[in-house]
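Undergrad: Taken in sequence, the protein lines are chains A and B. Going by the working numbering, the first residue of the first sequence is number 1, and it counts up by one from there. Going by the working numbering, the first residue of the second sequence is number 1001, and it counts up by one from there.
No wet-lab data here; the hints were simulated from the structure. Please note that the accuracy of each hint is not assured.
What follows is a list of derived Cβ distance ranges for each label pair [stated by the list, open to error]: (1) A:285 with B:1005: 34 to 44 Å; (2) B:1091 with A:579: 31 to 41 Å; (3) A:560 with B:1141: 55 to 65 Å; (4) B:1149 with A:579: 33 to 43 Å; (5) B:1005 with A:469: 48 to 58 Å; (6) B:1254 with A:579: 24 to 34 Å.
Please read these numbers as outputs of a predicted model, since none were measured by experiment. Glycine residues also receive a C-beta, built at the ideal position from the N, C-alpha and C atoms.
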Amino acid sequence: MSTDPLKKRKTKVIRGDGGTPETKRIRGDADQDVRVYNEEVELEGRDTEQDYILYKSTCEAVAKLMAEIQDLKASGAKEGSMEVEERRRRGSVHFIALKKLNRMAHMRLKKARDQTHEAKQRVDVLHLQLQNLLYEVLHLQKEIGKCLEFRSQHEEIELVSVDEFFQEAPAEISRPHLTKEDPHQLTLARLDWELEQRKRLAEQYKSSLCTKEKILKGIEMKKEYLNSLQPGLQAIMQASLPVQEYLSMPFERVQKQAEVARHLPPPLYVLLVQASAYGQACDTNLSVSISGDVDEAKALSRPPEDSQDDESDSDAEEEQQNTKRRRATVGVQLDDKRKEMLKRHPLSLCIELNCKDGSILHLFFYYLMNLNILTVKVKVSASADLSGAISAGELLNPESLLNCLYASDHGQETPNPANRYQFDKVGIVSFADYVAELGHPYVWVQSLGGLHFSSDSPQVEGPHSSLSASHMESTMKLLRGRLQARLALHKQFSSLEHSIVPVSNECQHLFPAKVVSRLAHWTMMSYEEFLASRCTQVILCLFYWRPLWVSARLQAAVVLNPRYPEITPLFSLSLLWKGERSGRTDDNLRAMESEVNVFRSELQGPRPGLQLLTNQMQRLCVCLDVYLETESQVCDGSEGPREFPREKMCLRTARGPNRLKPFKYNHPQGFFSHR
Amino acid sequence: MGPVELLHMSVFSQTFSPCGRFLAAGNNYGEIAVFSLSAALSPDATGMSQKPILTFAAHEGPVFSLISTDTHLLSAGNGEISAWSWAELTKRSTKALWTRRPNYKTSLEIPEINAMIVNSKDNSLIVGGGDNNIHIMDMETGTFKSVLQGHKDYIHCLSFREREGELLSGGEDGAVRIWDARTGQTVHCIEVFKYELCGGGPALSLWHLRSMSPTSVFSLAGCQREAVFYQDLILTVGEGPYVSHCVPGGTVKAQIPSSSPSLNTLTLNLNSNEHRVMTTAGSSDQIDVFTNFSYRAFSLSF
Chain A
1 MSTDPLKKRK TKVIRGDGGT PETKRIRGDA DQDVRVYNEE VELEGRDTEQ
51 DYILYKSTCE AVAKLMAEIQ DLKASGAKEG SMEVEERRRR GSVHFIALKK
101 LNRMAHMRLK KARDQTHEAK QRVDVLHLQL QNLLYEVLHL QKEIGKCLEF
151 RSQHEEIELV SVDEFFQEAP AEISRPHLTK EDPHQLTLAR LDWELEQRKR
201 LAEQYKSSLC TKEKILKGIE MKKEYLNSLQ PGLQAIMQAS LPVQEYLSMP
251 FERVQKQAEV ARHLPPPLYV LLVQASAYGQ ACDTNLSVSI SGDVDEAKAL
301 SRPPEDSQDD ESDSDAEEEQ QNTKRRRATV GVQLDDKRKE MLKRHPLSLC
351 IELNCKDGSI LHLFFYYLMN LNILTVKVKV SASADLSGAI SAGELLNPES
401 LLNCLYASDH GQETPNPANR YQFDKVGIVS FADYVAELGH PYVWVQSLGG
451 LHFSSDSPQV EGPHSSLSAS HMESTMKLLR GRLQARLALH KQFSSLEHSI
501 VPVSNECQHL FPAKVVSRLA HWTMMSYEEF LASRCTQVIL CLFYWRPLWV
551 SARLQAAVVL NPRYPEITPL FSLSLLWKGE RSGRTDDNLR AMESEVNVFR
601 SELQGPRPGL QLLTNQMQRL CVCLDVYLET ESQVCDGSEG PREFPREKMC
651 LRTARGPNRL KPFKYNHPQG FFSHR
Chain B
1001 MGPVELLHMS VFSQTFSPCG RFLAAGNNYG EIAVFSLSAA LSPDATGMSQ
1051 KPILTFAAHE GPVFSLISTD THLLSAGNGE ISAWSWAELT KRSTKALWTR
1101 RPNYKTSLEI PEINAMIVNS KDNSLIVGGG DNNIHIMDME TGTFKSVLQG
1151 HKDYIHCLSF REREGELLSG GEDGAVRIWD ARTGQTVHCI EVFKYELCGG
1201 GPALSLWHLR SMSPTSVFSL AGCQREAVFY QDLILTVGEG PYVSHCVPGG
1251 TVKAQIPSSS PSLNTLTLNL NSNEHRVMTT AGSSDQIDVF TNFSYRAFSL
1301 SF
């Protein structure tokens, strides 16, 4: 059976070969004749299990046959014997069956594979479709999202609120019947309205720009006109200078001063303003002027950035060029820092006070910029000749002339507490060392410049003109008073040196007509000597003068306060007569001291009280007379003639438990009584 | 009171209040200052408690004499006597109760009153002063009953002898007159006990009154202005910045330095047991307080 299909197969071309045209033709022809054998069809009809069993049995058969053949061959059968050939033939047949089975298996496999492949392909197609669809879905979603997010530009335009819109817009734009229902229409309408309004406003803007341009042009023209006036005015001013001089209304000078005054530092400016105001209003003998270098002042007020840049560049250049130059030593650096700290502003004020007798007090005010204090230097030009008195040398010394104008204002230390910290940085111990050069920083000078330093905190307020104004009058009066007092003292001292006590006519009533004691000697001594002396040194010496001999000598030490005559000079007495007595040991001398020290109101004479010192001295002479003339009465034991004849009239020579003498002089009656 | 006035102040008189807690002092400017002793002596005394609790101007001239009765403070100024109530003064009210003048003959210069004492027996005030006379005033009525004349110069001090009813007065003329029996001696007089103590021009001396003769003379330099008997000592002050303790025998036992260059007045506070101090004052504005009589404890100042 199996051999027949085999043979037929060899001659027939079924599939897969393509065959020659002859075979095709033959096949076509032969189809009608020939039994078509399709192995694939056959394949479907066979059962795989059976094929498998057949395969196994065939293999067994072959194996058996081979074993038989072997047996036969082993048992010595010949080549080509019938049994062997039989078996060989059967074996070949089995091989052929095996081959078929193998083919079947392959074909089955191929078929299964084909089927799987087809299914897979179908699945793939579907899968692709799915993917496409999904992608499209996603895409659509994105698009939808984008559409939903779309913000039209119209929403960025600020529109008026709906109510306002309905109120303001004309009906053809707002179309309320449509827009109230339809938000889209409403928005459109609002946009329309907005557009229209903006167009209108743009028109307005253009027109206002035009008017503005016109006005600017007008202003420009007027400015040019004014500028053209300037030279003309200058000419007029020049021409009017002689007229000003003639009429003594110095506008020009005042203006120039005002011009310079703009560059003054604030405290000096305040001082200038207040002093000028005071001079104009109250005191015609006061004049103010500014001196100093205006350009430097201008340089100071220029903004510092340019100069700093230049400086840094120039420093860099310098360093590169001069690397060989030695750096300044620390001491020199410190010195420079000190000089920098103590720098004065280039402009200064000069105030001149003219007094009635022709002497002039010149005050020069300086401003120390980094320390923010004002200082003053003083100069006196006296009308009279001042060379007479030796003892008066200190009176008009510019260093000490203005000391203690107000109580305890010595002007040796800076009144600004913040300066202490600044000084510590540069190693300045005390400002007093620099006072001679820089001027005295009195507290009243700061007040005149409107600078107020509170002693609690280092904060410094800006200059106040009200502070300056309140001090101005009193300070000017004090300054005048000080100058006059010193000049009067000067005169008195020169007369005292010549042993004359000058008593003015107005004060003669304080003293009796005849005063026997005389001034003998007048010198200066220092304060330390005074403290040490307790009256054993001579500063002034009164003699009781008898033509033939001097028997009693009173020595007095006088302490004068810089604020004379406000503060009474103090006398401390000691008497050399039959032993030494002083105000400490003798009650009567103590009474004499109180007579001179305490009763200032009687002794100061006519205002302004410049006669105080000389009156005190005259009174001292009078008291010495009384003392000596009344002395001889008391218990000496001796009864001899009196040493000093009684020339003064006294009612009683002793009174009270300590038997004081009558030192009080009563004027018109001319007798002495007790206080 | 500026510093110059304080420098030239002299305190002339002092007296203690009847309760012993206050001290009144009078100075040469006519002011009276009342100090609170209890405050100054208390353990927590500050500088302020050494200042007066009250200072007022009492008279025009110096207040040379102050005495204290049971309720009043009597002060003497230029020829006038004023009375102040202690109760009012402690309440800081300075209104004088009365002011009286003895009848003076001269009108040119008003005489001062240097000494006053109270005769408690007949309630009269005896004053002596610059007009060389002693005036006796009745305290109740205020009239001046009588005038004792006799001194040739002004009267420095007065003293009263209780037992005999005699009045002693010492004057600048150097005489001590005992009134009710007139005799004269040639010294200043301060105070009287059984013995009489006289100090002054020449020297401080102790006199026995019965025999009218000096028993001992003390060698103290300077004129003594006030002296008191205390227990068995004699305490005296005068020219010189010290308080002298003397024994009746004539020796000067001790000289305690004080702050004033010379002293005018010395008083002992015998009215109070707890404030038993001695105070002295003179030619300065300080009043020295001696709690233990041997040294100066502190000073009150005007």
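Undergrad: The structure should be examined with respect to each hint, and the outcome stated for every one.
TA: Hint-by-hint comparison with the structure:
Between residue 285 of chain A and residue 1005 of chain B the beta carbons are some 38 Å apart, a value that agrees with the proposed interval 34 to 44 Å. A C-beta distance of roughly 51 Å is found between residue 1091 of chain B and residue 579 of chain A, which places it outside the suggested range of 31 to 41 Å. In this structure the hint that residue 560 of chain A and residue 1141 of chain B lie 55 to 65 Å apart at CB holds, the actual value being about 57 Å. A C-beta distance of roughly 38 Å is found between residue 1149 of chain B and residue 579 of chain A, which places it inside the suggested range of 33 to 43 Å.
Distance hint check: the CB atoms of residue 1005 of chain B and residue 469 of chain A are about 36 Å apart, inconsistent with the given range 48 to 58 Å. Hint check: residue 1254 of chain B to residue 579 of chain A, Cβ distance near 27 Å, so the stated range 24 to 34 Å holds.
The earlier numbered hints that this structure contradicts are 2 and 5.
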